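Given the sequences, and given the hints that come with them, work out the whole structure.
First to last, the sequence lines map onto chains A and S. With the first letter of the first sequence counted as 1, position 195 gets the number 195 in my numbering; the numbers rise by one all the way through. With the first letter of the second sequence counted as 1, position 245 gets the number 245 in my numbering; the numbers rise by one all the way through.
Hints listed in this document are in silico derivations from the structure and should not be mistaken for laboratory results. None of these values were measured; they are calculated from a predicted model. Warning: the hint list may mix true and false statements.
Below 27 angstroms or equal to it, Euclidean Cα-Cα: the simulated DSS-like pairs (lysine-lysine) are [to be verified]: (1) LYS328/A with LYS231/A; (2) LYS246/A with LYS296/A; (3) LYS270/S with LYS326/S; (4) LYS355/A with LYS296/A; (5) LYS433/A with LYS11/S; (6) LYS73/S with LYS4/S; (7) LYS246/A with LYS164/A; (8) LYS11/S with LYS612/A; (9) LYS246/S with LYS236/S; (10) LYS296/A with LYS328/A; (11) LYS270/S with LYS227/S; (12) LYS326/S with LYS246/S; (13) LYS532/A with LYS227/S; (14) LYS223/S with LYS450/A; (15) LYS315/S with LYS326/S; (16) LYS173/S with LYS223/S; (17) LYS532/A with LYS223/S; (18) LYS326/S with LYS616/A; (19) LYS227/S with LYS450/A; (20) LYS370/A with LYS328/A; (21) LYS346/S with LYS6/S; (22) LYS612/A with LYS642/A; (23) LYS37/S with LYS173/S; (24) LYS270/S with LYS616/A; (25) LYS119/S with LYS433/A; (26) LYS433/A with LYS296/A; (27) LYS246/S with LYS227/S.
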Amino acid sequence: MSYVTDNREGMQHLLMGNEAIARGALEAGVNVASGYPGTPSSEIIESLAKVAKERNLYVEWSANEKVALEVAAAASFSQLKSLCAMKQVGVNVASDFLLHLGLSGTRGGMVLVTCDDPGALSSSNEGPSRHYAQMFEIPLLEPGDFQEAKDMTKWAFEFSEEIKNVVMVRSVTRVSHASGNVRLGALPEMEVHADFRYEASAFNTDEGPAESVPVNEKHRLQQEKLQKAIKLFEQSPFNTYHGPEKPELLIITSSAGNLYAREAISLLGAEDRVGLLKLGTTWPLPPMLLTRYLSKTDTIMIVEEVLPFLENNIKILAAENAREIGMKTFYSKHEGTIPTTGELNPDIVVSALSKILKIDYGAMDSGYEKVLQMTTIAQVPERARTFCPGCPHRASFWSIHNALQMDNRRGFVCGDIGCYAMGRFSCGFNTTKTLHAMGSGAGLASGFGKLAQFGMDQPVVTVCGDSTFFHAAVPALVNAVHHNANITLIILDNSGTAMTGFQSHPGLSVNAMGDEVPEVDIAKVCQGIGAKVEIRDPFDLEETRATLNQLMDDSQGVKVLILRRECALSPERRYTKQYEMHVNESLCLGEDCGCNRLCTRIFQCPGLIWDKENNKARIDEALCVGCGVCSSICPAGAIERKEVA
Amino acid sequence: MGGKDKIRGQKELQQTVLDAGLCTGCGACIDLCPYFKSYKGRTAILFPCTLTQGRCFAYCPKVEVDLDDLSQKFFGRRYTSDPLGSYRTIMISRAGKKIERAGFQAGGTVSALIYFAMKRGYLDGAVLTDRDGLLPVPRFITNPEDVFTCASSKYTAAPTLSALNQGIRDGFKHLGIVATPCQALATALMRSNPLGDEEFVDPTGLVVGLLCTWALDFRSFEKFISKRLDITRIVKMDIPPPPADKMELYMGNGEIVEIPLDEVRQWVPKGCSYCIDMTAEFSDISIGVLEGRPDMNTLIARTERGQRIVEEARKEGYLIISDIPKRNLDHLRWAAGNKKRRAFAKARQQNMVNTLEEEGASYLRLHAETLERVTA
Chain A
1 MSYVTDNREG MQHLLMGNEA IARGALEAGV NVASGYPGTP SSEIIESLAK VAKERNLYVE
61 WSANEKVALE VAAAASFSQL KSLCAMKQVG VNVASDFLLH LGLSGTRGGM VLVTCDDPGA
121 LSSSNEGPSR HYAQMFEIPL LEPGDFQEAK DMTKWAFEFS EEIKNVVMVR SVTRVSHASG
181 NVRLGALPEM EVHADFRYEA SAFNTDEGPA ESVPVNEKHR LQQEKLQKAI KLFEQSPFNT
241 YHGPEKPELL IITSSAGNLY AREAISLLGA EDRVGLLKLG TTWPLPPMLL TRYLSKTDTI
301 MIVEEVLPFL ENNIKILAAE NAREIGMKTF YSKHEGTIPT TGELNPDIVV SALSKILKID
361 YGAMDSGYEK VLQMTTIAQV PERARTFCPG CPHRASFWSI HNALQMDNRR GFVCGDIGCY
421 AMGRFSCGFN TTKTLHAMGS GAGLASGFGK LAQFGMDQPV VTVCGDSTFF HAAVPALVNA
481 VHHNANITLI ILDNSGTAMT GFQSHPGLSV NAMGDEVPEV DIAKVCQGIG AKVEIRDPFD
541 LEETRATLNQ LMDDSQGVKV LILRRECALS PERRYTKQYE MHVNESLCLG EDCGCNRLCT
601 RIFQCPGLIW DKENNKARID EALCVGCGVC SSICPAGAIE RKEVA
Chain S
1 MGGKDKIRGQ KELQQTVLDA GLCTGCGACI DLCPYFKSYK GRTAILFPCT LTQGRCFAYC
61 PKVEVDLDDL SQKFFGRRYT SDPLGSYRTI MISRAGKKIE RAGFQAGGTV SALIYFAMKR
121 GYLDGAVLTD RDGLLPVPRF ITNPEDVFTC ASSKYTAAPT LSALNQGIRD GFKHLGIVAT
181 PCQALATALM RSNPLGDEEF VDPTGLVVGL LCTWALDFRS FEKFISKRLD ITRIVKMDIP
241 PPPADKMELY MGNGEIVEIP LDEVRQWVPK GCSYCIDMTA EFSDISIGVL EGRPDMNTLI
301 ARTERGQRIV EEARKEGYLI ISDIPKRNLD HLRWAAGNKK RRAFAKARQQ NMVNTLEEEG
361 ASYLRLHAET LERVTA
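Structure, rendered in structure tokens:
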């Protein structure tokens with residue numbers, strides 16, 4: 001039994017924020033959950049998928065976030081409760097549908113969970129998702145701790161059913177991926193019957209067609225729902241205040257900012273001077289609640305991550321109510337106290353707070369800090385970002401890099417989102433030259449591939465993973481084929497959504513719940529679209545290189561090269577070794593070879609190391625996974641491989 | 001010679017030769033190490049190498065070539081002012097009775113010489129240039145009969161010397177090489193043991209140089225020509241001696257497509273325009289076409305071993321030799337002199353020729369006195 005289905009009400013478990021969100025959905029009686037993997041959101045769907053059979057849920061990893069939101073909406077339209085989870089960038093993908101969904105409204109409780117990544121710890125951006133709630137006029141909730149992550153998610157379903165619209169719950173890395181004690185509620189007994197009612201008129205949002213039109217009527221209705229939300233928010237227990245009746249300074253915060261602010265106040269011992277208003281309902285803001293607290297003091301600090309979202313809306317309220325609450329001094333992003341990029345942490349809040357309150361707070365003696373830093377630097381080995389030992393991407397990029405160098409026409413690779421985004425680093429031989437959204441590599445390539453008319457003679461190559469292919473590269477490939485763009489799309493097919501933890505995707509024969517499902521054949525899809533398709537094993541470096549050179553020489557239309565090899569960490573390859581690797585010391589010439597340590601200086605597999613004392617290459621037995629690739633890069637043939645019986 | 005201390009590594013080679021557009025794709029640097037590769041006639045660097053000295057730099061015919069020093073080593077004297085380089089005899093020739101084959105570009109002298117030298121055991125392997133479609137490719141042979149599959153001129157640059165590097169690595173001791181002038185120069189640099197390897201032994205048995213005014217950049221030429229015709233149908237290429245002024249492409253069906261040389265010349269790489277050597281001056285024997293006699297070759301014997309092999313081949317019926325008419329010799333010297341003068345002028349104008357006292361990146365290096373003499 002998983003912790004998330006422990007049915008003993010009142011039990012406390014240490015739950016990860018994402019597990020708490022999943023538990024909240026289960027306590028609400030969720031029926032359908034969908035999503036697309038993406039750090040820091042993936043564990044929500046994973047937790048629900050694990051208990052899908054036990055709780056009679058339908059859970060899927062959808063092809064992309066827009067489809068995921070549509071899948072979840074279909075359940076809501078059929079009077080089921082549904083949850084859809086994604087990372088911040090996913091909301092961009094889903095946004096077109098989300099805009100229309102806000103207008104059409106929902107029926108069964110529907111919650112969209114977005115997990116933002118301030119500081120871009122696992123993302124190619126730190127884009128905000130909260131602004132979507134405001135822009136698309138749907139309510140937004142932000143849990144400020146782990147218990148709230150559970151409780152708020154559960155309530156979000158009731159709330160959604162009350163206002164008949166989708167509710168957005170926004171988490172961040174430090175809520176989703178940290179863990180805390182969560183007191184469990186009861187799991188409901190569920191009896192549901194899915195039925196989509198469409199017989200009534202277009203104006204009947206419960207029993208008529210589910211549509212965003214007629215827009216005037218639906219838009220007006222949507223805004224009424226927001227007014228209802230404000231009424232509920234004025235009374236919400238998720239908005240809390242701790243501190244004196246008349247504080248010198250009022251901190252207004254939400255989400256992880258709550259944790260940092262609490263810690264900062266406690267570190268400075270400023271509990272008697274500072275009030276902390278933690279908002280859980282952050283859009284639309286409850287104006288009466290805000291004016292009540294803004295009246296307590298004239299000095300306000302707003303603690304939130306990345307862009308000013310609370311700040312802007314609070315300032316509007318403060319301006320509108322200035323006659324009543326008086327003039328305020330704001331310490332925030334606009335005047336520079338709180339940074340507008342990167343993650344916050346308690347230090348940033350402490351330093352801001354101590355300045356405002358004029359509390360002398362030496363966080364750390366500077367001499368001690370120096371010693372600490374030096375000790376750390378001395379003891380922690382330097383680790384560059386790199387591909388795992390045995391990773392097919394290293395082999396693929398080796399061949400792609402060499403093919404481009406040999407081609408000698410300044411060809412380039414448009415990168416995409418996945419582990420292979422590291423193709424831009426030295427572990428990928430600095431091969432990729434663009435990096436944007438999922439599928440954008442193929443889209444950009446499609447554009448680059450049409451510039452011959454203006455004199456561009458550089459070969460255009462792009463890479464995408466198997467999951468990314470289904471997510472967003474297919475329309476770009478269709479576009480490239482239809483417009484006869486001269487490009488080569490390389491699909492780095494490692495049989496799974498590897499970067500986020502091997503979630504299933506349409507190319508695999510097992511779904512999120514472990515059921516056998518039809519797999520979609522990438523090669524056939526590409527052929528069907530009209531591309532020339534070649535399939536190679538990336539571990540065969542020379543064959544891969546030669547094939548790519550041939551494809552780049554072919555200036556007619558779209559070529560697809562599928563490089564197929566399972567991820568080194570995949571369940572199928574893990575703990576298996578194809579080869580025993582060994583450096584033949586009589587053949588390795590060390591620094592005298594003239595190869596200038598190609599194996600360890602350039603190829604850089606962590607499983608292959610340079611033995612300075614012996615002046616030879618050496619296999620690191622602890623790290624080598626026996627993929628055998630390095631044996632084909634040594635010019636002296638000194639790296640030998642023996643098939644494991 | 002500038003000496004070992006003038007030799008640099010990959011970085012300097014890239015700056016002074018590749019980035020400057022001087023590379024002719026001769027193949028001297030290819031396959032010496034994992035970093036240099038050739039693709040469709042062009043030299044590519046796969047990864048940066050941090051070694052401060054390399055054979056890539058030492059063997060390159062486009063950087064720091066000390067002509068006086070090299071001439072001293074091969075001919076026992078400073079670089080000659082004769083536009084034809086140092087030589088023993090000049091004659092005309094064609095393949096003899098022992099070799100009855102079709103498909104030679106002209107008189108078949110190159111094939112005859114390599115075939116003979118291999119048959120007699122003077123060579124244990126030979127480095128030739130074959131063709132894969134229109135693309136010239138290096139070919140290493142150990143069977144004399146394979147010589148004939150590589151016959152005929154290619155006119156586009158090929159990294160032939162990569163096969164020499166491979167042959168040396170495989171332990172061959174007496175290699176025959178058919179080389180363009182830049183390839184013959186690179187081979188001579190290699191044979192001069194520029195890095196002073198104590199175990200060095202000359203791995204060559206015979207260097208046959210080809211008379212050459214330029215070799216086209218394959219990639220550009222392929223693009224140009226494939227707009228006009230189906231390149232897969234080309235079976236032979238020829239540039240008949242002046243005044244024809246055209247390239248002839250022999251198509252499979254007997255058709256001959258003519259392309260004016262002026263149109264072809266636009267694909268001559270920049271590196272060729274700095275080349276001072278039309279007659280492969282640092283080979284054992286140089287061979288070219290003979291004006292007005294499509295069945296014969298011009299043959300320049302330069303070294304003792306070259307002269308000896310020519311003589312033996314003649315005696316044994318592999319080669320037929322006669323005197324060169326004065327008109328042909330005069331014209332040859334005139335043409336070679338023209339190329340040399342133009343190239344020297346261009347190189348000097350761009351500060352690419354150093355006298356012994358001068359420092360800095362250069363293409364050629366000579367005594368000031370020699371320089372005066374050869375450019376007079």
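Now for the hints, and whether the structure bears them out:
For the hint linking LYS328/A to LYS231/A, the alpha-carbon distance of about 25 angstroms falls within 27 angstroms, and the restraint holds. Of the pairs offered as hints, the one joining LYS246/A and LYS296/A holds, with about 5 angstroms between alpha carbons and a cut-off of 27 angstroms not exceeded. Restraint check for LYS270/S and LYS326/S: the C-alpha separation of about 33 angstroms exceeds 27 angstroms, so the hint is violated. The hinted pair formed by LYS355/A and LYS296/A meets the criterion: a straight-line CA distance of about 21 angstroms does not exceed 27 angstroms.
With a CA separation close to 23 angstroms, the supplied pair LYS433/A and LYS11/S stays within the 27 angstroms bound. Taken as a hint, the LYS73/S and LYS4/S pair is honoured in the structure, with Cα atoms around 15 angstroms apart against an allowance of 27 angstroms. Between LYS246/A and LYS164/A the alpha-carbon distance is near 39 angstroms, which puts this suggested pair outside the 27 angstroms criterion. Proposed proximity of LYS11/S and LYS612/A is supported: the alpha carbons are some 25 angstroms apart, at most 27 angstroms.
With a C-alpha separation of about 14 angstroms, the suggested pairing of LYS246/S with LYS236/S holds against the 27 angstroms cut-off. Using a Cα cut-off of 27 angstroms, the hinted pair LYS296/A and LYS328/A holds, with the two alpha carbons roughly 11 angstroms apart. Between the alpha carbons of LYS270/S and LYS227/S the distance comes to roughly 23 angstroms, so the proposed pair stays at or under 27 angstroms and holds. With a C-alpha separation of about 25 angstroms, the suggested pair LYS326/S and LYS246/S falls inside the 27 angstroms cut-off, and the hint holds.
Proposed proximity of LYS532/A and LYS227/S is supported: the alpha carbons are some 23 angstroms apart, at most 27 angstroms. Under the criterion of a C-alpha separation no larger than 27 angstroms, the hint pairing LYS223/S with LYS450/A is consistent with the structure, at around 18 angstroms. Restraint check: the Cα-Cα separation between LYS315/S and LYS326/S comes to about 25 angstroms, which is no more than 27 angstroms; the hinted pair holds. Among the hinted pairs, LYS173/S with LYS223/S is inconsistent with the structure: their alpha-carbon atoms are about 39 angstroms apart, more than 27 angstroms.
With a CA separation close to 22 angstroms, the supplied pair LYS532/A and LYS223/S stays within the 27 angstroms bound. Of the supplied pair hints, the one linking LYS326/S and LYS616/A is violated, its CA atoms being roughly 63 angstroms apart against a limit of 27 angstroms. Distance hint between LYS227/S and LYS450/A is fulfilled; the C-alpha atoms sit about 19 angstroms from each other, no more than 27 angstroms. The hinted pair formed by LYS370/A and LYS328/A fails the criterion: a straight-line CA distance of about 40 angstroms is larger than 27 angstroms.
This hinted pair checks out: LYS346/S and LYS6/S have alpha carbons roughly 23 angstroms apart, not beyond 27 angstroms. Among the hinted pairs, LYS612/A with LYS642/A is consistent with the structure: their alpha-carbon atoms are about 25 angstroms apart, no more than 27 angstroms. Distance hint between LYS37/S and LYS173/S is fulfilled; the C-alpha atoms sit about 24 angstroms from each other, no more than 27 angstroms. As the CA atoms of LYS270/S and LYS616/A are separated by approximately 42 angstroms, the hinted pair breaks the 27 angstroms bound.
Using a Cα cut-off of 27 angstroms, the hinted pair LYS119/S and LYS433/A is violated, with the two alpha carbons roughly 54 angstroms apart. Restraint check: the Cα-Cα separation between LYS433/A and LYS296/A comes to about 53 angstroms, which exceeds 27 angstroms; the hinted pair is violated. Of the supplied pair hints, the one linking LYS246/S and LYS227/S holds, its CA atoms being roughly 18 angstroms apart against a limit of 27 angstroms.
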